[in-house]
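K.L.:
Residues per chain, in single letters:
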Amino acid sequence: MVERTPIFNAICHLILFVGLLTALLPFAVVIIAATHDIKTVNIVPMPLMPGHDFMANIHEAWVRADLGRKLFNSVIFATAVACGKVILSAMAAFSIVYFRFPGRSLIFWAIFVTLMLPLEVRIVPTYAVAANVLAPFQALLDVTGVTWLAAHLAGLQIKLQWGLLNSYPGLVLPLVATATGTFLYRQFYLTVPEELAEASKMDGSGPLRFFWDVLIPLSRSNMIALFTIMFVWAWNQYLWPLLVTTDPNFGIAVTELRSLIPSEFGLPDWNVAMAGTLLIMTPPLIVVILMQRWFVRGLISTEK
Amino acid sequence: MEKRVTFSSTTIGLLFAFPMLLLVFVFFYWPGGQALFWAFTLEQPWGGGNKWVGFQNFAHLLKDPIYWNSITRSLVFGAGSTAIAMGVALVLAVLTDREMKGHSAYRSIFVWPYAIAAPALGLAFRFILAPEAGLLSILNRVWPDIWNPALDGNDAMIAIIVAFSWKYIGYNFIFFLSALQGIPRSLIEAAAMDGSGPLRRVFDIQLPLLTPTLFFLLVINITESFQDSFGIVDIMTQGGPARATELMVYKIYFDGFKGLDYSGAAAQSIILMVLVILLTILQFRFIERRIHYK
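Listed in order, the protein sequences are those of chains A and B. Taking the UniProt record's numbering, I'd label the letters of the first sequence as residues 1 to 304. Taking the UniProt record's numbering, I'd label the letters of the second sequence as residues 1 to 294.
Just so you know, these hints were derived from the structure itself, not from any lab. These numbers were taken from a predicted model, which means no experiment stands behind them. Glycine is no exception: its CB is placed at the ideal position from the N, C-alpha and C atoms. There's no promise every hint is true.
[Unchecked claim] Computed list of chain A residues with no C-beta within reach of chain B, every gap over 10 Å:
{"hint": "1", "residue": "56"}
{"hint": "2", "residue": "58"}
{"hint": "3", "residue": "59"}
{"hint": "4", "residue": "79"}
{"hint": "5", "residue": "142"}
{"hint": "6", "residue": "150"}
{"hint": "7", "residue": "151"}
{"hint": "8", "residue": "153"}
{"hint": "9", "residue": "163"}
{"hint": "10", "residue": "204"}
{"hint": "11", "residue": "247"}
{"hint": "12", "residue": "248"}
{"hint": "13", "residue": "250"}
{"hint": "14", "residue": "265"}
[Unchecked claim] Think about it this way: if two alpha-carbon atoms lie no more than 27 Å apart in a straight line, the pair counts; the simulated BS3-like pairs of lysine-lysine are:
{"hint": "15", "chain 1": "B", "residue 1": "51", "chain 2": "B", "residue 2": "63"}
{"hint": "16", "chain 1": "B", "residue 1": "258", "chain 2": "B", "residue 2": "51"}
{"hint": "17", "chain 1": "B", "residue 1": "63", "chain 2": "B", "residue 2": "258"}
{"hint": "18", "chain 1": "A", "residue 1": "201", "chain 2": "B", "residue 2": "3"}
{"hint": "19", "chain 1": "A", "residue 1": "159", "chain 2": "B", "residue 2": "51"}
All chains, please: the whole structure from these sequences, using the hints.
P.N.:
Take a look at the structure:
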């Protein structure tokens with residue numbers, strides 16, 4: 001605060017307070033609606049005093065959307081994406097920053113170009129690849145004539161087939177294949193003092209030892225930040241899980257929101273819909289509230 | 001920037017990059033190539049592979065008023081939500097940066113909306129903005145039939161813009177606030193000594209210093225409005241009423257997976273890819289210029 005401006009400050013407080021109400025209103029509506037019975041929730045305007053049916057609504061939503069199974073899948077899915085990102089990008093960035101070999105800059109650009117096109121934009125062909133991940137390799141073998149050779153010389157039919165639809169790898173792998181984390185690690189590795197690598201080399205440690213004993217412990221805070229934003233990001237994915245998981249056993253929580261929309265000609269049971277929404281939106285919110293510092297830091301350093 | 005001390009083992013270096021490269025090849029480059037292939041070919045109705053058709057798929061698209069409609073809707077949606085999300089976030093960040101009483105509470109609560117999944121807030125806003133229940137239905141009590149997103153295209157567009165902006169206010173707030181806090185206090189204090197008031201300082205010091213952040217967020221908001229909108233549209237309106245909210249990604253999904261028109265969907269993907277790439281290049285160029293000026 002630089003100077004005394006009581007009136008201006010009052011106006012600022014007013015604006016901030018209105019902003020606060022706007023930010024919190026949807027949360028409040030979801031929570032309050034989840035406590036009403038079906039009759040109260042449809043009163044216009046909805047009464048803002050909480051009702052008594054919270055547990056019943058939660059139970060109904062839990063059963064209707066099969067949330068036990070779905071939340072479990074979501075936790076596995078989001079954790080796997082976050083871990084995959086943290087590990088694979090640490091490795092890729094290590095290779096890009098600490099090694100000199102021919103084709104290194106090609107690898108650098110091959111990975112960074114992926115920042116340009118998010119999954120949603122190339123969704124149709126990615127789905128086709130997930131239906132058979134080995135298709136690219138089959139095509140390569142076909143083009144190079146290996147298939148033909150094998151068929152003629154050894155009598156082998158090469159037909160590579162590995163479908164990822166309705167499986168955890170199918171959910172996770174395409175979301176790991178982007179450069180976000182690699183960029184974060186690269187920026188961090190570049191700030192690690194040269195002397196550390198020099199000293200390790202002098203003490204006779206190879207790249208593996210240096211990576212494991214020096215870089216990994218140093219990048220702990222980066223890892224937490226990256227894990228936090230990736231967990232939230234993965235939990236909130238919708239389009240890809242919707243396409244890949246047609247088998248309810250592999251469905252995740254966010255795509256179940258569809259089944260909670262009250263149908264146009266059925267009961268307008270918004271209380272159950274809001275109870276389900278509450279259950280599904282809470283886990284990432286808790287992560288953000290508890291890990292706020294890491295979340296903000298991760299967001300700012302990955303995007304820049 | 002380059003490291004002076006490096007390791008010389010090519011094998012180990014390549015092995016470290018290998019898992020990521022493999023994923024990127026299978027799930028990024030191959031699908032990208034596939035999209036190009038489909039966009040320029042057409043599947044034969046009786047099997048027998050794809051036939052090369054050149055720019056025919058694109059020509060079909062560009063002649064299709066429904067496609068142009070989805071482009072217009074996406075632009076309206078992108079412009080509207082970006083303006084609201086960035087404008088509101090900027091005001092809130094500037095005010096929070098004044099570090100008045102309670103600023104740390106504002107600082108954390110304004111981030112919360114960004115933690116919510118787009119479809120989840122879509123469902124919440126569908127209820128809040130429903131014509132017959134929720135909060136906004138009170139409008140219909142006073143003026144019957146003034147608000148109905150299920151029937152009126154403009155209302156539906158307003159509804160998805162509101163829902164999307166609400167989430168991205170949180171996102172933009174994070175970036176604006178961190179950029180504002182990077183401005184040296186001494187600059188602000190010097191300006192105050194010279195007699196400029198708080199508003200004057202916003203326009204003459206803070207906003208000019210925020211230009212890189214503003215530009216960065218502009219690009220990110222527009223590209224996110226193409227992708228992250230899918231969940232909101234799918235839950236709130238399903239592209240309706242009468243295609244009024246059929247945004248580009250929703251149309252790709254609909255044509256590709258419901259209509260099974262892979263070539264048409266791929267051509268649309270290519271157009272969207274070109275749009276996103278152009279935006280990103282614009283952003284990279286701008287960031288490069290910023291570094292030069294420093």
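K.L.:
Against which earlier hints does the structure fall short, listed by number upward?
P.N.:
Failing hints: none at all.
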